[in-house]
Amino acid sequence: MSLSVALRHSFRNFELDVEFQASQGITALFGRSGSGKTSVINAVAGLLRPDHGRIILEGHDLMDSAKGMWLPPHKRGIGYVFQDSRLFPHLSVRQNLLYGRWFARRTDNIRFDHVVDLLGISPLLDRRPGALSGGEKQRVAIGRALLARPRLLLMDEPLAALDAQRKSEILPYLERLRDDTQIPILYVSHAMSEVARLASTLVIVQSGKVSRAGPLSDQMSDPAAAAMLGLQDIGAVVKARIASHEADGLSRLDTPLGVLWVAGIPASIGSMLRVRVHAQDVMLSLSPPKDISALNVLRATVTQVMSGQGPDVLVQLGVEGDRLLARVTHRSAANLGLVKGLPVYAIIKSVAVVRPS
Amino acid sequence: MIELTPQEWQAVALSLKVSVWATLLSLPFGVFVAFVLARCEFWGKQVLNGLVHLPLILPPVVTGYILLLGFGRRGPIGGFLDECCGIILAFRWTGAALAAAIMSFPLMVRAIRLAIEAVDPKLEQVAGTLGASRLWVFATVTLPLILPGIVAGAILAFAKAMGEFGATITFVSNITGQTQTLPSAIYSFLQVPGGEGAALRLVLIAVAIAMIALIASEWISRVIAKRIAGT
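Line by line, the protein sequences give chains A and B.
When we follow our numbering, the leftmost residue of the first sequence carries the number 1, and every step to the right adds one.
When we follow our numbering, the leftmost residue of the second sequence carries the number 358, and every step to the right adds one.
You may find that some hints are simply not true.
DSSO-like cross-link-like pairs, simulated, lysine-lysine; straight-line CA separation at most 30 Å [what the hints assert, rightly or not]: (1) A:K239 / A:K340; (2) A:K167 / B:K479; (3) A:K239 / A:K167; (4) A:K75 / A:K209; (5) A:K209 / B:K479; (6) A:K349 / A:K167; (7) A:K75 / B:K583.
Note that these hints are calculated values from the structure, not bench results.
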């Protein structure tokens with residue numbers, strides 16, 4: 001599957017000019033509110049008709065302004081989950097879920113029971129949308145979009161209207177959706193933690209333009225992306241497998257960086273997850289540290305040093321072929337003489353290795 | 358219980374028949390015009406809006422006279438209808454129904470238009486992304502959601518049709534058993550000495566029908582609204 005988007009559109013006081021590709025998995029459109037992310041997926045859905053552009057899904061044109069070709073939304077086969085769930089108030093949850101089925105011409109076997117199980121909504125089927133909580137509504141909205149058998153799923157800040165507890169209630173379902181179904185997802189968000197947890201590809205949108213795009217792990221550990229992602233948020237995203245839970249409350253993770261010890265993660269041994277190592281939580285040392293409380297000490301090589309404005313220097317490290325990012329001060333960088341190729345030790349506190357939430 | 362003479366019965370029955378037909382036949386047009394006014398932007402929208410509301414503002418006798426000019430047997434539309442399909446409206450109960458429909462149309466359109474404007478277009482957008490064409494979106498989302506408004510508009514129009522007098526008497530006159538509706542009958546009884554008793558009986562019936570219609574509309578709207586609110 002592939003989605004290719006190129007479009008230009010003039011709003012009253014805003015120019016949209018984007019071009020990007022998306023493939024399997026979750027592609028996150030990340031940017032501040034007002035950067036034009038939602039306009040982009042509205043154009044993909046057919047809710048916005050751009051002045052110029054071409055959108056191709058699986059080799060078929062959805063629109064091509066050069067040929068004057070434009071498919072209306074109901075002929076595109078694209079599911080859309082909005083920030084406000086927009087369930088039909090006059091229909092029951094079951095009827096809401098089945099709504100798209102009346103019109104679906106494709107006959108993939110996405111089965112009703114499977115989707116209901118995946119989203120954990122079987123107890124809700126006979127209720128009315130008005131009687132559901134925000135998190136429940138959003139799960140039903142996701143199910144409804146899935147059951148219309150879309151070729152592509154669009155999600156516009158699906159968690160933004162929910163409180164932290166509801167968010168953490170839905171995130172596992174989105175992960176299952178990503179891993180269990182073959183449907184590619186275009187996910188709009190301005191919350192880095194969601195993106196870090198879900199996305200495989202990151203497209204950064206800034207005032208109507210794509211400023212960076214690429215695999216999430218590359219972008220998150222690239223010093224040059226810091227200006228867009230924010231110094232607080234930047235830092236490696238690492239795939240990990242839970243190897244063991246220790247009696248003292250620590251969990252051992254096997255990662256491409258090597259073994260990481262983290263404060264106990266409530267997940268079963270063998271399960272896969274992602275952890276974030278924020279750049280500001282990584283310390284550097286030239287010699288192996290002794291008598292130190294931090295449990296994770298990794299041998300690394302400096303691959304890039306980038307000093308920006310202000311007191312910060314971002315140091316990209318190669319660890320066992322994977323990347324890590326550290327944020328230190330100018331003074332520390334000068335004291336250690338950090339240059340490309342220098343072998344160092346990266347020190348990470350166990351409590352600093354976190355699961356994105 | 359009130360005892361009615363045959364003439365009084367005829368007037369009541371005719372008024373009910375005229376009002377029911379006027380309401381039912383104008384309802385699809387009412388929904389269509391309300392939808393167009395609520396959701397579409399086009400050149401001449403204000404003209405259409407004005408035309409729809411004209412009977413509300415014009416003296417009813419003027420509306421009746423315009424109908425007579427247009428739909429009379431020698432009028433352009435009336436002549437055509439007579440020639441092509443043998444439909445005669447002037448001085449018939451069908452003409453009374455047309456007059457009642459025209460006079461009650463603005464009220465019907467207003468009620469339905471308000472209901473349509475209260476429907477969140479975002480819900481219609483969602484239905485589109487789920488594969489429904491515009492017509493299906495209207496049938497499966499918009500229509501069920503505006504049902505209370507349609508019921509309210511229909512009953513309001515029915516009540517207005519029951520009370521229509523000026524345009525009716527101008528267009529179809531006041532022929533006993535043919536075009537003498539409830540208000541026309543009351544008017545006639547008041548013109549003759551000793552007719553006050555009959556007029557009073559019909560007045561009571563008119564009040565009763567109006568009250569029942571209003572209470573029924575409130576009740577039906579509430580039931581539907583409750584079902585739609587989805588709790």
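Cross-check of the supplied hints:
About 25 Å separates the Cα atoms of K239 of chain A and K340 of chain A, which keeps this hinted pair within 30 Å; it holds. Proximity of K167 of chain A to K479 of chain B is assessed by CA-CA distance (about 23 Å); at most 30 Å being required, the pair is judged to hold. Between K239 of chain A and K167 of chain A the CA atoms are separated by roughly 21 Å; this keeps the pair inside 30 Å, and the hint holds. Distance restraint check for K75 of chain A and K209 of chain A: the Cα-Cα separation of roughly 28 Å lies within the 30 Å cut-off, and the hinted pair is therefore satisfied.
About 26 Å separates the Cα atoms of K209 of chain A and K479 of chain B, which keeps this hinted pair within 30 Å; it holds. Between the alpha carbons of K349 of chain A and K167 of chain A the distance comes to roughly 26 Å, so the proposed pair stays at or under 30 Å and holds. For the proposed pair K75 of chain A and K583 of chain B, the alpha carbon gap of about 33 Å is over 30 Å, so the pair is violated.
Hint 7 alone, counting from the list given before, is not met by this structure.
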